[in-house]
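Peer 1: Below, each chain spelled out in residue letters.
There are 4 protein chains.
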Amino acid sequence: MKLAVVGGGSTYTPELIDGFARLRDDLPITEIALIDPHAERLELVAGVSRRMLARSGHPAKVVATSSVEEGVAGAQAVLFQLRVGGQAARNVDETLPLQCGCVGQETTGAGGLAKALRTVPVVLDLAERVREHAPDAWIVDFTNPVGIVTRALLDAGHRAIGLCNVAIGFQRTFASHLGVEPGRVSLGHVGLNHLTWERAVYLDGEDVLPRLLAEHGEEIADSIGLPVELFARLGVVPSYYLRYFYAHDIVVAEQRTKPSRADEVAAMEAQLLEMYADPAVDTKPELLGKRGGAFYSEAAVALIASLLGDRGDVQVVNTRNAGTLPFLPDEAVIEVPATITAAGAAPLPIDPLDPLYSGLIANVSAYESLALDAAIHGGADRVRNALLAHPLIGQEAIAGELTDLLLEANAAHLPWVKP
Amino acid sequence: MKLAVVGGGSTYTPELIDGFARLRDDLPITEIALIDPHAERLELVAGVSRRMLARSGHPAKVVATSSVEEGVAGAQAVLFQLRVGGQAARNVDETLPLQCGCVGQETTGAGGLAKALRTVPVVLDLAERVREHAPDAWIVDFTNPVGIVTRALLDAGHRAIGLCNVAIGFQRTFASHLGVEPGRVSLGHVGLNHLTWERAVYLDGEDVLPRLLAEHGEEIADSIGLPVELFARLGVVPSYYLRYFYAHDIVVAEQRTKPSRADEVAAMEAQLLEMYADPAVDTKPELLGKRGGAFYSEAAVALIASLLGDRGDVQVVNTRNAGTLPFLPDEAVIEVPATITAAGAAPLPIDPLDPLYSGLIANVSAYESLALDAAIHGGADRVRNALLAHPLIGQEAIAGELTDLLLEANAAHLPWVKP
Amino acid sequence: MKLAVVGGGSTYTPELIDGFARLRDDLPITEIALIDPHAERLELVAGVSRRMLARSGHPAKVVATSSVEEGVAGAQAVLFQLRVGGQAARNVDETLPLQCGCVGQETTGAGGLAKALRTVPVVLDLAERVREHAPDAWIVDFTNPVGIVTRALLDAGHRAIGLCNVAIGFQRTFASHLGVEPGRVSLGHVGLNHLTWERAVYLDGEDVLPRLLAEHGEEIADSIGLPVELFARLGVVPSYYLRYFYAHDIVVAEQRTKPSRADEVAAMEAQLLEMYADPAVDTKPELLGKRGGAFYSEAAVALIASLLGDRGDVQVVNTRNAGTLPFLPDEAVIEVPATITAAGAAPLPIDPLDPLYSGLIANVSAYESLALDAAIHGGADRVRNALLAHPLIGQEAIAGELTDLLLEANAAHLPWVKP
Amino acid sequence: MKLAVVGGGSTYTPELIDGFARLRDDLPITEIALIDPHAERLELVAGVSRRMLARSGHPAKVVATSSVEEGVAGAQAVLFQLRVGGQAARNVDETLPLQCGCVGQETTGAGGLAKALRTVPVVLDLAERVREHAPDAWIVDFTNPVGIVTRALLDAGHRAIGLCNVAIGFQRTFASHLGVEPGRVSLGHVGLNHLTWERAVYLDGEDVLPRLLAEHGEEIADSIGLPVELFARLGVVPSYYLRYFYAHDIVVAEQRTKPSRADEVAAMEAQLLEMYADPAVDTKPELLGKRGGAFYSEAAVALIASLLGDRGDVQVVNTRNAGTLPFLPDEAVIEVPATITAAGAAPLPIDPLDPLYSGLIANVSAYESLALDAAIHGGADRVRNALLAHPLIGQEAIAGELTDLLLEANAAHLPWVKP
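Protein chains in written order, with full-length UniProt numbering: chain A, 1 to 419; chain B, 1 to 419; chain C, 1 to 419; chain D, 1 to 419.
To be clear, the hints were calculated from the coordinates, so they are not data collected in a lab. Quick caveat, the model's predicted, so the values are computed rather than measured.
The calculated BS3-like cross-link candidates involving lysine-lysine, where the alpha carbons are at most 30 Å apart (straight line), are:
hint	chain 1	residue 1	chain 2	residue 2
1	B	290	B	258
2	A	290	D	418
3	D	258	D	284
4	C	258	B	258
5	A	258	C	258
6	D	418	A	258
7	D	258	A	258
Under 7 Å between C-beta atoms, here's a sample of chain B residues computed to sit facing chain C:
hint	residue
8	95
9	98
10	99
11	100
12	256
13	257
14	397
15	401
Footprint (simulated), chain B over chain A, 3 or more residues, beta carbon under 8 Å:
hint	region
16	226-233
17	248-260
18	371-385
Even for Gly, the Cβ is constructed at its ideal location relative to N, Cα and C.
All chains should be built: construct the whole structure from the sequences, respecting the hints.
Peer 2: So, in structure tokens, the structure goes:
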């Protein structure tokens with residue numbers, strides 16, 4: 001079995017390799033192609049990846065290449081984990097919206113839109129090459145904004161599923177609070193990528209969320225950065241990304257007085273690359289844990305195993321709504337538990353949502369379709385409309401200035417922007 | 001034909017009377033019951049109303065009473081135009097949210113929620129008495145927030161339709177720009193009460209909105225207080241109330257440096273009552289035009305005439321969605337053109353909405369159902385959830401403080417609030 | 001020796017009585033006149049005061065009266081501790097500025113100005129009666145805003161000194177950190193009332209502030225609510241009130257999501273009065289500690305003892321600048337260590353101030369003289385100018401609206417405001 | 001007579017040349033040295049300058065050089081008009097503070113500090129070279145922030161005077177309103193550079209400001225962008241730069257929705273350089289009028305003429321306070337009318353200032369001395385203290401983040417910033 005990783009030169013790849021090594025029984029990989037245009041970095045990452053597999057006795061071969069065609073040829077699954085513009089573009093996503101009084105974040109708000117504009121055309125082009133050279137391969141997309149990117153892939157007819165580590169992170173955290181194996185815990189997870197709520201936490205099928213909130217509410221609330229009374233009152237656990245909505249002004253005030261996450265991560269990446277360059281390093285560095293993306297290799301292994309092995313188990317993924325949430329169009333992409341088979345993901349039925357959640361989901365989903373439209377067809381007006389539709393922006397004058405600023409700052413990544 | 005007006009002591013009633021007098025051919029009224037608990041004010045308003053009818057030779061009798069039962073008995077239609085708490089409560093609606101950095105307005109945001117909390121129980125109680133004493137009468141609700149109040153009435157099984165003057169105001173304005181009789185102009189009006197867009201303006205059936213925007217864009221934009229490029233880019237005309245969304249920060253900045261609208265209106269009302277007390281006054285004073293609500297008597301006369309006369313013409317009203325907007329629940333109340341017959345209002349089919357509009361509509365409609373829930377069942381948690389769901393608030397900490405402030409300030413009107 | 005307390009019906013008086021009882025050797029009081037127009041409350045407070053003195057074996061007689069003339073007659077010192085408008089007016093001071101995006105506080109910003117407007121004329125009138133009936137008495141003013149009130153008294157030729165508990169609070173806190181008797185600790189305290197910095201902390205004459213910051217910096221920073229790096233960088237300790245300047249936006253965000261201090265204190269006062277009504281209560285209740293004003297009785301006793309006993313020791317008080325800070329007018333009132341004799345307070349010389357402090361002091365002192373002018377001569381323009389001059393406001397449009405709001409909300413206390 | 005212009009390659013130089021040509025009777029220049037490191041731009045500017053002089057028949061020779069030594073050698077006056085970092089750095093000054101919710105401006109606030117940090121060391125180095133090669137020359141500084149730069153020059157012992165076009169702009173505008181020759185109008189101008197008020201406007205020695213405000217108040221207010229009631233209430237005319245203080249939030253809101261001034265000017269400069277390259281262009285282009293700096297050549301000519309000609313007339317300049325404003329240190333630099341002789345500038349006496357002005361002046365002057373300290377000695381702590389002292393910032397957390405952002409963005413211009 002061959003896997004290809006587009007963006008394989010990411011400092012994050014060793015997390016993935018670590019998962020492949022640990023979970024080799026689930027996924028009998030024989031070849032991993034790391035594809036990346038940055039040859040130097042790719043070499044360092046491939047090197048440490050090979051040493052990690054060797055140390056664990058894993059037989060898979062690691063191929064490093066800048067050629068997408070070569071890398072994906074013969075692969076059964078292709079993982080997309082790229083970042084167009086790198087941490088520099090992310091830094092713009094995280095700081096520029098602050099100029100207009102808006103939250104700076106790389107997957108939501110104006111920063112998320114900028115990332116979508118940069119990313120969608122690149123991903124679609126890559127997917128086209130996958131279609132040519134590995135027509136039966138599944139595309140598993142971790143590339144943010146996952147919801148919009150997945151919808152772009154599906155609209156273009158690709159065999160794609162979007163994946164995020166929020167759900168698996170909650171599963172592991174809750175299991176740890178409960179003192180049980182993660183496998184016994186499943187989630188009543190619902191929403192859009194980076195806009196989800198856990199409405200139930202099942203331990204061996206029984207909903208223990210009320211107990212979890214009663215016993216670990218403070219801890220859960222602290223980890224998410226929202227007041228504990230919110231959890232108690234609603235009886236649900238919103239994801240960390242809801243903080244950008246439910247505590248918007250607090251986040252803006254924090255961002256006004258702190259370095260950006262991109263700056264932190266860039267510093268971490270430099271350190272990681274130095275470690276990877278050390279021939280003695282053959283395990284995942286501790287530091288990688290702070291880089292974000294915990295448990296994502298587990299999620300990826302499980303998803304690919306079920307897709308290729310037609311397992312029919314339930315996993316939280318990003319896929320077509322297809323009537324699951326009746327207030328959204330069928331073609332919208334949602335993030336929910338779905339049965340994973342060789343035919344793809346089929347969402348489980350969802351109990352009706354409280355208006356407190358459905359209203360925001362509908363609003364953000366509407367934004368996402370405008371954002372996708374802007375990413376595919378370009379044009380300042382489409383960008384401005386998407387910003388006007390986003391609940392974290394929603395104002396005409398600010399949308400106008402943000403459009404100008406974002407297009408100027410991202411011009412190098414947007415061929416349709418005139419200099 | 002007998003009409004009853006609940007809240008008939010409003011300084012606004014002479015506007016209604018003026019319409020009844022001018023449009024007597026459309027609506028052959030023989031008795032108008034003005035119902036109001038404020039005897040003194042009611043007497044002044046009834047007095048000028050009688051003089052106005054007399055001057056125009058209208059035969060209708062005006063009865064002034066504080067008894068709802070007496071007033072509605074035998075009426076074919078009952079108009080609701082009340083304001084629980086008067087301009088003092090409105091002043092709180094308009095200023096208190098500013099303490100938390102939010103826009104202060106009496107029909108949307110935190111102020112609109114406060115008004116809904118005060119108003120819905122009173123309206124439901126009044127409607128119950130209408131049901132007992134005038135079981136066949138139509139209730140026409142002008143009482144804000146019209147969308148929430150109308151849904152409350154419909155949910156309780158009343159024969160109710162909600163009415164607002166935004167649509168008729170646009171029709172008259174556009175007709176004036178076009179230099180034609182208003183009757184030749186109809187609107188592609190869609191949304192929720194106080195959250196609507198004109199997507200088309202039909203002159204004798206042809207859409208002339210592009211022409212209107214090309215020729216009168218500046219003027220229309222100025223009257224609404226939004227930049228003209230918004231109108232040009234979108235090709236639609238949002239109502240004035242969208243300004244609270246699309247220009248939120250600008251409105252907050254203005255409100256921070258200006259007296260509240262309630263204070264202005266209270267001053268106007270004092271002046272109007274002085275005029276009404278003058279036995280020589282037998283026409284609608286000029287000043288009333290600044291009081292808000294232009295053309296509302298025309299809209300009321302037309303609606304009642306069609307309901308009672310089974311006319312089957314098309315008017316813009318607030319009524320059940322019933323599948324008209326597929327992304328909203330059937331039981332939601334929307335504001336759209338509908339065919340008006342003796343059976344009530346039946347919405348015309350609506351072309352699919354751009355996500356820029358549907359997202360916001362879905363979000364505000366979700367808020368409205370939470371607001372109604374809070375108004376009917378009470379409880380600080382329900383209030384806080386409704387505030388958290390409102391796109392102009394949406395933050396947990398602010399929702400919490402606003403809940404405390406609003407409940408304290410409105411305690412006299414909310415029996416379920418403990419002192 | 002007779003003392004009179006204007007505002008003696010305050011729930012805070014038992015704190016004062018407790019000090020008189022404990023420090024009887026310093027101040028051989030034979031009569032305490034509690035003067036207050038609120039007879040009922042005064043009776044409760046006088047009752048518990050008498051029981052407290054009795055319990056401690058203190059011989060002083062407590063007289064409760066609503067007559068200023070009677071109360072002050074024969075007194076050697078008169079304490080002013082009144083609050084015009086009570087907690088209700090304070091609540092307005094603390095919440096109304098938030099409507100305009102400004103911090104709500106009762107001694108600085110727009111709230112502080114409102115309090116000055118209400119208070120200065122009342123204090124001047126009371127002082128006039130002291131002059132008539134106790135011409136040799138010292139007036140010790142605790143009434144906020146102490147700086148402005150003291151200047152008003154001095155400008156009118158009264159024998160007045162302003163007192164605040166910030167300095168003594170720091171002295172006690174630092175002594176406790178150092179593990180020594182407070183008497184061995186003195187302060188390099190400088191600034192205006194509620195705008196002060198400790199530039200040195202002397203233990204037996206040696207400056208131990210660097211050591212204090214090194215060892216207890218976190219604790220001190222936490223108690224003041226400012227980041228510890230500020231203390232480390234500057235090497236000084238700003239008072240808690242500097243937080244309204246140095247962390248303005250954070251305070252506004254907090255105030256937007258929390259009940260006002262006035263509401264909290266009003267609840268406490270109700271509880272305290274209930275306790276005072278209990279004949280079994282003959283000691284200062286614990287709860288009083290949370291009411292604010294710790295150590296203020298010690299400060300008062302020490303000041304009166306030195307004034308009446310011509311002791312010549314050094315205490316931190318509010319008195320004329322008289323060249324002490326060369327960048328302020330001589331007639332400004334400053335808060336600094338001063339030698340206290342029968343002739344009053346004579347400030348010690350002060351080392352030149354860093355511009356970081358002198359700039360802000362000069363700005364706020366300029367505001368104070370405009371505020372005093374507005375309080376004495378009235379007029380919306382003077383109020384607006386004072387607001388425009390305040391560094392926490394400083395904007396014309398906001399100053400205008402705040403003027404309107406404050407005058408309207410305080411009209412009952414400002415005879416020159418036309419309704 | 002030889003003049004040298006440091007920064008002579010500025011697109012603004014033709015404005016200066018135009019003045020020299022028109023006012024040749026006042027200033028008999030024989031040589032103008034344009035000094036600039038940007039050879040290409042300098043050549044274009046020198047070319048058009050030569051053509052302008054030729055066209056007007058002015059005999060002066062124009063020398064273009066990148067050598068400061070060569071350029072200043074033999075000059076009687078040296079004009080400093082440089083911009084370290086160009087429009088790109090200015091763009092950062094104008095946009096970066098917005099990230100922290102602060103106004104973005106290149107001469108005040110955080111942007112003004114950044115400019116001071118970049119500029120002061122460069123100017124001091126240049127002045128040193130003037131001292132060596134033209135020891136008797138006067139340095140006339142137009143380089144912003146003029147107040148801080150002038151103080152830096154004076155502290156280092158240079159023969160320097162600071163000049164700004166605000167005062168002469170007002171003189172011309174008022175003269176035009178009055179319909180008289182500018183020479184008959186003089187100003188009661190007082191404050192710091194870019195923080196001034198006109199307290200009187202003398203026409204032939206009589207104060208006509210009340211009349212000007214009565215007759216042209218609206219017009220004057222509009223041109224400054226502040227409400228007319230401010231002018232009427234205060235009876236003074238604040239400069240345009242006071243708008244950043246008196247209307248701070250409005251300016252921030254505008255800046256959030258508009259392109260930066262730097263972007264506009266950069267576009268203009270490109271256009272101007274194209275014009276200068278055209279050999280047919282031999283007059284000052286109209287467009288230059290929009291570039292800012294009107295009448296500055298008149299001011300420069302007048303100042304140099306009086307300095308070199310020992311005229312003893314009165315001009316508004318930036319020079320040492322020396323007791324003029326008693327609340328500022330003697331060594332502060334202020335902007336006031338001064339008698340100009342061969343010995344330099346001697347401020348006229350100034351009537352006492354209202355606290356509304358003196359408080360803000362004292363605060364900003366204190367900031368300026370901290371800013372100068374930071375510019376000369378470097379260090380993030382000094383930068384942070386200066387920001388904390390600035391009335392438009394004043395908050396610890398924001399000062400911290402602004403320090404980080406500004407130092408990072410300006411690192412190329414600040415040798416003491418570690419990468």
